[in-house]
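> Protein chains in written order, with this note's numbering: chain H, 2 to 398; chain Z, 4 to 74.
Check before you lean on any hint, since a few could be wrong.
[To be verified] Estimated spans, in silico, between C-beta atoms of each pair:
{"id": "1", "chain 1": "H", "residue 1": "S214", "chain 2": "Z", "residue 2": "T16", "range": "30 to 36 Å"}
{"id": "2", "chain 1": "Z", "residue 1": "Q42", "chain 2": "H", "residue 2": "L243", "range": "22 to 28 Å"}
{"id": "3", "chain 1": "Z", "residue 1": "G15", "chain 2": "H", "residue 2": "Q62", "range": "46 to 52 Å"}
{"id": "4", "chain 1": "Z", "residue 1": "T16", "chain 2": "H", "residue 2": "D53", "range": "50 to 56 Å"}
{"id": "5", "chain 1": "H", "residue 1": "R153", "chain 2": "Z", "residue 2": "G15", "range": "56 to 62 Å"}
{"id": "6", "chain 1": "H", "residue 1": "T259", "chain 2": "Z", "residue 2": "Q42", "range": "39 to 45 Å"}
{"id": "7", "chain 1": "Z", "residue 1": "G15", "chain 2": "H", "residue 2": "R49", "range": "46 to 52 Å"}
{"id": "8", "chain 1": "H", "residue 1": "G255", "chain 2": "Z", "residue 2": "T16", "range": "19 to 25 Å"}
{"id": "9", "chain 1": "Z", "residue 1": "T16", "chain 2": "H", "residue 2": "G355", "range": "24 to 30 Å"}
{"id": "10", "chain 1": "H", "residue 1": "S138", "chain 2": "Z", "residue 2": "T16", "range": "26 to 32 Å"}
{"id": "11", "chain 1": "Z", "residue 1": "G15", "chain 2": "H", "residue 2": "E40", "range": "32 to 38 Å"}
Note that these hints are calculated values from the structure, not bench results.
The structure presented is a predicted model; accordingly, all values stated were derived computationally and were not measured.
Don't be surprised by glycine CBs; every beta carbon is placed ideally from N, CA and C.
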Amino acid sequence: MASNKGQRRLADSSYVALPGSQRELLPNSRPAGSVDPDELTSVTVRVRPQADSGALEKQMQTIYKQPLAERQYLTHEKLREQYGARSEDFDAIEKFAVQHNLVVSHRSAAERSIVLTGKLGDLLNAFHADVHMFHHSSGTYRGRRGEIFIPRQFAGVITGIFGFDTRPKHKSPHHTRGVGSKGPGGTNGLAASEFAKRYNFPTAHNGLKLDGSGQCIGIIELGGGFNHSDLEIFFQEIAVDLPNVTAISVDHAGNNPTRRGSADGEVMLDVEVAGAVAPKANIAVYFAPNKGNGFLDAINAAVHDSDRKPGVISISWGGPEDPAEEQAIQAFHEVFMEAATLGITICVASGDHGTADLDGFHWDGKIHVDHPAVDDLVLACGGTHLASKAVAYQILP
Amino acid sequence: MSATNYFTRVHGTEGASGGTSAVAPLMASLVALLNQAKQKNKSVSLPESRERSCERYNGWNECHQEHYKGL
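Sequences and hints are given; from them, build the entire structure.
In structure tokens, the structure reads:
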């Protein structure tokens, strides 16, 4: 029944296809039935900027043509005023949302995003899409096929809708071995502060001790959490001051440490590495759900956080780029462009599986690049192996 | 940057961890130090970083001294 309804919706002539919204299922997905129309769901609707298309890119290029010493980045306020969303666009979407029993749970002109929450059935009545449940080796997920259709009145206004599909993003795998609590050294590995020493990271400049003071490092996490007690012991053991770590909720996710083997390992690794090298920096951890719109929303929240103003953002999550999903690739790219105009560097793990970008169990036999590391406006971070105490570089096999 | 052998503590268990997951925050912390050296809460520009690859320098100390000229 849900499928027939979906077909009727897709044929509605008052709706038009959202450009770039074509999406395919994960390879080897198997049908798992209809979606639950009563499921409470949120989608993020991204809208056009105030300025003409291409203006932001020109702005970025102008900034980066300036000599480094004279470079003037945009402030958050200027970026929002010049390139943020138009309030009349948001107002029209809000009015439309109310007519479909949807609640506006977040609205940000700077992020050019408005988050609509409600029953999945109501969301699919508002924006038409072919959405069903599917089984996959990575777990059962809500999958979207084909294009999203939006009311004709929003053609050219809405540039992306994210959240109907719940397939998770991967994290770069990390393997922790060890059973004790004896501090760094030996099989327990080295503190990141030790790596910083071996790589000759700067420790002072013009008499100024470099420890991250006055800086904010943003960290994106799609699950898991950190334990403060673990951090206290960790930093005591490596003889580094405990950094100030803050958890920020995006799309109702939060700092939620659970158990060994979960995403907690990723979160702790990120915080412990960043904090060990720059202990006086504020570390802002943006937690978002690992599904649908969470990833984009978390990066968007960090880039446009005008209170904490992270100067650099670390992302250790990603997955094989899906060239078919243009709206997502474009939306991420636009947010990275906004970060560039603000002077924010985005560091992204490039993945640990070479050209497969998936472990052997999940690999489809094709070559992939990792997204968002592949975006040309981020700093993709690959890995080598430090073989000795001397500064040395060796490509991993 | 090394992607192996990072000391971590998770749920009371300590051990070595890694992956490119470790490199992203390591690079981020380096950028934070460089930003602090510039004495502004702004980032080192990515194109500039690319243009001035530090591989030709003898480690970061020499590299960042060159990088800061004229700041």
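> Please go over all the hints and tell whether each is borne out by the structure.
Checked hints:
no., hint, result
1, S214/H to T16/Z: 30 to 36 Å, "holds (31 Å)"
2, Q42/Z to L243/H: 22 to 28 Å, "holds (24 Å)"
3, G15/Z to Q62/H: 46 to 52 Å, "holds (50 Å)"
4, T16/Z to D53/H: 50 to 56 Å, "holds (54 Å)"
5, R153/H to G15/Z: 56 to 62 Å, "holds (58 Å)"
6, T259/H to Q42/Z: 39 to 45 Å, "holds (40 Å)"
7, G15/Z to R49/H: 46 to 52 Å, "holds (50 Å)"
8, G255/H to T16/Z: 19 to 25 Å, "holds (23 Å)"
9, T16/Z to G355/H: 24 to 30 Å, "holds (29 Å)"
10, S138/H to T16/Z: 26 to 32 Å, "holds (28 Å)"
11, G15/Z to E40/H: 32 to 38 Å, "holds (36 Å)"
The structure shown violates none of the earlier numbered hints.
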